[in-house]
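Heads up: the protein sequence lines correspond to chains A and B, in order.
If you're matching positions, the first sequence starts at 554 in the numbering used here and goes up one per residue.
If you're matching positions, the second sequence starts at 10 in the numbering used here and goes up one per residue.
Just so you know, these hints were derived from the structure itself, not from any lab.
There could be a bad hint or two in this list.
[What the hints assert, rightly or not] Computed cross-link-like contacts, DSS-like style, restricted to lysine-lysine with a CA-CA straight-line distance of at most 27 angstroms:
| no. | chain 1 | residue 1 | chain 2 | residue 2 |
| --- | --- | --- | --- | --- |
| 1 | B | LYS181 | A | LYS611 |
| 2 | B | LYS18 | A | LYS774 |
| 3 | A | LYS611 | B | LYS18 |
| 4 | A | LYS823 | A | LYS611 |
| 5 | A | LYS584 | B | LYS149 |
| 6 | B | LYS163 | B | LYS85 |
| 7 | B | LYS184 | B | LYS158 |
| 8 | B | LYS149 | A | LYS611 |
| 9 | B | LYS164 | B | LYS82 |
| 10 | B | LYS82 | B | LYS163 |
| 11 | A | LYS611 | B | LYS163 |
| 12 | B | LYS164 | A | LYS560 |
| 13 | B | LYS85 | B | LYS178 |
| 14 | A | LYS611 | B | LYS164 |
| 15 | A | LYS774 | B | LYS164 |
| 16 | A | LYS774 | B | LYS158 |
| 17 | B | LYS177 | B | LYS82 |
| 18 | B | LYS14 | B | LYS184 |
| 19 | B | LYS164 | B | LYS85 |
| 20 | B | LYS181 | B | LYS164 |
| 21 | A | LYS611 | B | LYS178 |
| 22 | B | LYS18 | B | LYS85 |
| 23 | B | LYS184 | A | LYS774 |
| 24 | A | LYS823 | A | LYS560 |
| 25 | B | LYS149 | B | LYS163 |
| 26 | B | LYS158 | B | LYS181 |
| 27 | A | LYS774 | B | LYS163 |
[Unchecked claim] Here are some chain B residues the structure puts well away from chain A; computed CB gaps all over 12 angstroms:
| no. | residue |
| --- | --- |
| 28 | ALA70 |
| 29 | ILE108 |
| 30 | VAL129 |
| 31 | LYS149 |
| 32 | LYS164 |
| 33 | ILE179 |
| 34 | TRP183 |
[What the hints assert, rightly or not] Chain A side only, calculated, beta carbon under 7 angstroms to chain B, not exhaustive:
| no. | residue |
| --- | --- |
| 35 | VAL609 |
| 36 | SER769 |
| 37 | LEU776 |
Remember, predicted model here, so these are calculated numbers, not experimental data.
Cβ atoms here follow ideal geometry from the backbone N, Cα and C, with glycine treated the same way.
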Amino acid sequence: MEDLGLKIFGAILTTILGFTVGMTYGGIVRKLTARVQNRYGPPFYQNFLDLLKLQVKKTNIAHGFMGHMAPVWIIIAAVTVLLFIPILNGNLWFPNMSFHGDLIFLLYMMVFGSLGMALGAGQSGNPNSAIGVSRGLSQMVGFEIPFVLSLVALMIQYETTSVQELTQIQHETGVWNAISNPFAFLAALFASLGMFRYSPFDIVGAPAELASGPVSEFGGKYLGTMMSGGAIFAFIKLTLYVHLFLGGAGNPDNTGIIATLLGLGVLLIKTFTLYMVPVFYGWINPRYRTEQAIQYFWRWPTALGIIGVIWAVYS
Amino acid sequence: MINDKDSQKIVDYIQNFARKQSLFVMAYGTGCGAIEIPATMTSRYDAERFGIRGAATPRQADVLLITGYLATKTLKRVIRVYEQMQEPKYVIGFGSCTINGGMYFDSYNTINALEQYIPVDVYINGCMPRPESVISGFVKLQELIQQGKADNGKKYRENLEWYRTNQKKIIKNWKMPDYNW
């Protein structure tokens with residue numbers, strides 16, 4: 554496991570896995586949304602075609618230094634965070650740096666991409682971008698509170714901040730954190746509604762209202778890179794949730810090929826099921842206004858988070 | 010091997026395939042044609058199965074869809090939008106009004122032929138064209154893209170003088186940068 558070559562190979566493998574799974578989930582959601590709306594819908598690989606098209610499109614515009622850097626920041630943040638979360642519990646092929654990163658570090662790093670987006674969008678000078686950024690940051694203030702409360706509940710309950718240890722505890726006791734602390738899980742689940750930005754919380758992109766918000770001045774390769782970063786981030790959040798609350802995936806005692814594939818299958822099933830929560834919620838809801846979204850997060854989800862913390866202290 | 014003619018063909022084929030399968034449409038909803046766009050995109054005719062989806066801004070768009078007559082006042086905005094789009098870019102003229110003026114052929118404040126001002130790839134005839142014909146127009150555009158014949162952004166750049174002369178005949182108060190894309 555100390556072999557550098559194996560670590561680099563594992564990092565590349567992890568990046569490819571996160572990218573492919575994130576993009577495919579996006580495509581499947583587009584297809585499912587079409588079926589719900591009684592349409593035939595695009596093929597599930599439509600996102601890959603979109604990405605390829607965006608990458609071969611020419612770009613003749615410049616919006617200054619941060620305009621060029623914003624997509625780079627997003628993809629850097631996405632890959633960095635991806636390498637710091639455990640993909641499979643204690644697996645040889647995905648060791649990465651999951652032993653060194655803890656939850657507080659992850660909380661900081663996950664905002665890094667949004668920060669790059671905000672700076673880049675700010676320099677483009679488009680008023681839609683500025684409104685989109687302010688909405689996005691307001692929404693983040695909304696959903697971060699129940700999210701952080703649920704994480705704090707977990708940290709208090711097991712007296713550790715390491716994702717790896719939290720997964721290992723669930724593996725050893727056989728009880729998922731979603732069951733041992735249901736209030737924290739519910740708060741995190743509500744926060745995930747805002748994190749994935751499906752309606753009713755699609756106030757940042759806001760199609761037909763804000764002209765796609767922060768990305769309105771970015772096309773071609775810039776938009777393509779942002780799309781890939783977003784896909785990796787979706788995979789990151791889902792994997793993190795699975796490892797924190799749903800018992801994780803993979804068996805640390807057995808890291809053979811078949812066990813690894815089996816673990817990946819379990820991971821895919823759990824992440825997809827989790828992904829369907831914001832998507833299902835989005836299908837039946839129109840868009841909130843910004844203050845409604847913040848109020849939504851600061852009422853029941855925050856209350857559930859506080860109950861979760863109290864539960865963790867007295868259990 | 011990289012500069013080989015055959016390998017360039019393969020690259021072109023893959024690029025054109027991706028471009029054809031993923032068209033982001035900037036629907037410039039002038040005139041009455043805009044009412045056909047929701048029907049084309051929603052569940053009955055579902056243009057998304059061809060990879061066609063709406064783009065909110067010209068920076069992200071591939072196709073500029075002019076849906077109907079163009080008043081002289083809106084022509085200026087259309088030119089601005091067209092020049093902000095990034096290459097490769099395509100234009101679809103939608104309805105009779107973009108071809109020869111349609112029922113507004115003798116109006117004092119509409120233009121008659123769209124291709125005098127910006128290059129047009131595909132015209133869709135009709136007043137108004139039904140969603141079937143809109144989709145057939147898009148399929149025609151996809152064929153042109155796959156054959157590599159839809160290269161009108163280049164045409165516009167090379168014949169800029171001619172297009173500018175025509176545009177300035179219509180737009181009297183020309184207060185735009187001369188080269189702004």
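Each hint, compared with the structure:
no., hint, result
1, LYS181(B) x LYS611(A), "violated, 32 angstroms"
2, LYS18(B) x LYS774(A), "holds, 22 angstroms"
3, LYS611(A) x LYS18(B), "holds, 19 angstroms"
4, LYS823(A) x LYS611(A), "violated, 39 angstroms"
5, LYS584(A) x LYS149(B), "holds, 24 angstroms"
6, LYS163(B) x LYS85(B), "holds, 20 angstroms"
7, LYS184(B) x LYS158(B), "violated, 33 angstroms"
8, LYS149(B) x LYS611(A), "holds, 23 angstroms"
9, LYS164(B) x LYS82(B), "holds, 24 angstroms"
10, LYS82(B) x LYS163(B), "holds, 26 angstroms"
11, LYS611(A) x LYS163(B), "holds, 12 angstroms"
12, LYS164(B) x LYS560(A), "violated, 51 angstroms"
13, LYS85(B) x LYS178(B), "holds, 12 angstroms"
14, LYS611(A) x LYS164(B), "holds, 16 angstroms"
15, LYS774(A) x LYS164(B), "holds, 23 angstroms"
16, LYS774(A) x LYS158(B), "holds, 23 angstroms"
17, LYS177(B) x LYS82(B), "holds, 12 angstroms"
18, LYS14(B) x LYS184(B), "violated, 45 angstroms"
19, LYS164(B) x LYS85(B), "holds, 19 angstroms"
20, LYS181(B) x LYS164(B), "holds, 24 angstroms"
21, LYS611(A) x LYS178(B), "violated, 31 angstroms"
22, LYS18(B) x LYS85(B), "violated, 38 angstroms"
23, LYS184(B) x LYS774(A), "violated, 31 angstroms"
24, LYS823(A) x LYS560(A), "holds, 26 angstroms"
25, LYS149(B) x LYS163(B), "holds, 20 angstroms"
26, LYS158(B) x LYS181(B), "violated, 34 angstroms"
27, LYS774(A) x LYS163(B), "holds, 20 angstroms"
28, ALA70, "violated, 8 angstroms"
29, ILE108, "holds, 29 angstroms"
30, VAL129, "holds, 20 angstroms"
31, LYS149, "holds, 19 angstroms"
32, LYS164, "holds, 15 angstroms"
33, ILE179, "holds, 26 angstroms"
34, TRP183, "holds, 22 angstroms"
35, VAL609, "holds, 5 angstroms"
36, SER769, "holds, 4 angstroms"
37, LEU776, "holds, 6 angstroms"
Comparing the model with each numbered hint stated earlier shows that hints 1, 4, 7, 12, 18, 21, 22, 23, 26 and 28 do not hold.
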